[in-house]
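Enquirer: Since the structure of chain A is already known, use the hints to place chain B on it.
Protein chains in written order, with our numbering: chain A, 1 to 385; chain B, 1 to 111.
Hints may contain errors.
[Stated by the list, open to error] Stretch-level coverage of chain B by chain A, calculated; a stretch enters the list once three of its residues show a Cβ under 8 angstroms from a Cβ in chain A: (1) 18-25; (2) 81-94.
[As the list claims (entries may be wrong)] Derived, one-sided and incomplete: chain B residues facing chain A with beta-carbon distance under 8 angstroms: (3) K29; (4) F31; (5) Q53; (6) N55; (7) R72.
Just so you know, the hints here were simulated from the structure itself, not pulled from any lab data. Everything numeric in this text was worked out from a predicted model, so none of it was measured. The beta-carbon is built from N, C-alpha and C at its ideal position, and this holds for glycine as well.
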Amino acid sequence: MIYLNNSATSYPKPQNVVEAVSNYLTTVPVNPSRSGFEVQGEDAPTACRQKLAAFFKADDPNRLIFTSGATESLNMAIFGLTPAEGHIITTAIEHTSVLRPLKALEKEAGLELTIVESDADGCVNPIDIAAHIQTSTKAIVVNHCSNVTGQVLDIKSIAGIAHEHGLVLIVDGSQSAGNIPIDITGAGIDIFAFTGHKSLYGMPGVGGVYIREGLALKPLKVGGTGVKSELLSQPTELPLYYESGTHNLPGIVSLAAGIDFIQDTGLEQINRTKHNHLKRLTEGLHDIPEVTIYGSDDFDNRCAVFCFNMEGISPPDLGYILEGSFGIIARAGLHCAPLIHKAMGAYPQGSVRVSPSYFTTTAEIDFFIKAIQEISANIQHYENY
Amino acid sequence: MKIIKIRDLDNCSDGAYIKSLLFDKVITKEFIDYLGRAGELQYFSSFARPFYQVNFKNKCVVKGVEGLKAARLKLYQNGAEDVLSYFRGVVGAYNNTPGNVVDIDMFNNNK
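The shape of chain A in the complex, shown without the other chains:
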């Protein structure tokens, strides 16, 4: 089986991640803040928070809040920050984890929402965002990197525009985290949402959100924090204020190990390997007449996400054949990003997405290319029911 669906969740996980989780699960469970005695060194959440803060260049580890993933992080940001009335700007390249909370607020709370169009590559011009700012605008919510075309947006420019107008910038880093260098402080990001199970190599069910100093979100949940039990109201210290309930400790341990792997391997090396795969995919499919490739030729501003379609066969059927007949796991459909597919001219059928990992081999990429060549050679006989 060849796994090329790393934009959904990464596989395989690095060996040190597997070992860290295994060690955690076979060690006496000492729940941080609840056990009453010290574990050796830092507790797992604190250690992971410090690694994340260093990795993302965040000013204060305690402002990195653990969540179940980017969706919860974005829900916390959007529902926690947004006043009942006002105007929010977002873009057409967003995932439904952004679009649906915003649409819910638009429908239920009277929020005014502007969705800025992208071009067919998924590029959004910061000037187009600036053009939609109104006196009532409160925030800009943008995807750092499209999960469909891999296009990376110019976050620093967008942050400049946001701050010039006193707006909060919320960035969805689901696809960028672990793929490209991120400097939360330097870029001027106010809220940064990320997930742990994609390019940070952690387990599904862990992620986080950075909230800059001076911003106060309404917590999604309140309750037990393991300390300050004498208080009947939620402790106001960070990260306790946002982290009620039991931590996903295996997930946090895996995330810390994933960061270790990236730091030890080198983000640049990981990025270079994935970009080589992206280029090989593009070159390999470029001359197949039935194939339409989406995304910019400017690989420097893309993560290694490769979307395409083949004339004469629907994306679901192509995905099914790749998996069933060739043992290749790709993903077909709209990838939870319907609006960018409209810009690409691939709505409602969607596209087939191939997302290699650092662990993907050149031989696997070549096998995929041969599979597409084989399918295209037979496609004239295919009846698209």
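Expert: Using the frame of chain A, we list chain B on its own:
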């Protein structure tokens, strides 16, 4: 041959339903050819593992990979239960047909 599990997979934008079928045995070339006699068969033998799809006109399309126990069923019309019942009949007839030679007349009207 028997369908032992049917699972809803997706609703298509054109109003069709996609269901996942699980058979009790792997789908053989013989069974695929059998289905092809009741519908219109496309068989792609050159793929690493052969892919097939059979169109039961105005009813459903079944598609899958030879050697697997699973297949996909796309239903064309709203009367999904009737179509499923029809397809179960086709599968059941394979079991009941001596030498697996289907009574073509039974399905001719569906072609």
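Enquirer: Hint F31(B) vs chain A: min CB-CB distance below 8 angstroms?
Expert: Violated - the Cβ of F31(B) stays beyond 8 angstroms from chain A, reaching only about 16 angstroms at its closest.
Enquirer: Examine the segment 81-94 of chain B for residues whose CB is less than 8 angstroms from any CB of chain A, and state whether their number is three or more.
Expert: violated (count 0)
Enquirer: Going by Cβ atoms only, is N55(B) closer than 8 angstroms to chain A?
Expert: holds (6 angstroms)
Enquirer: Does the interface hint hold: is K29(B) within less than 8 angstroms of chain A, judged Cβ to Cβ?
Expert: This interface hint is violated because 14 angstroms lies over the 8 angstroms limit.
Enquirer: According to a criterion of three or more residues whose C-beta lies within less than 8 angstroms of a C-beta of chain A, is the segment 18-25 of chain B covered?
Expert: violated (count 1)
Enquirer: So, as I understand it, the hint says R72(B) touches chain A; can you test that by seeing if any CB pair is closer than 8 angstroms?
Expert: holds (7 angstroms)
Enquirer: Does Q53(B) pass the interface check with chain A, least Cβ-Cβ distance below 8 angstroms?
Expert: holds (7 angstroms)
Hints 1, 2, 3, 4 from the list above are not met by this structure, while the remaining hints are.
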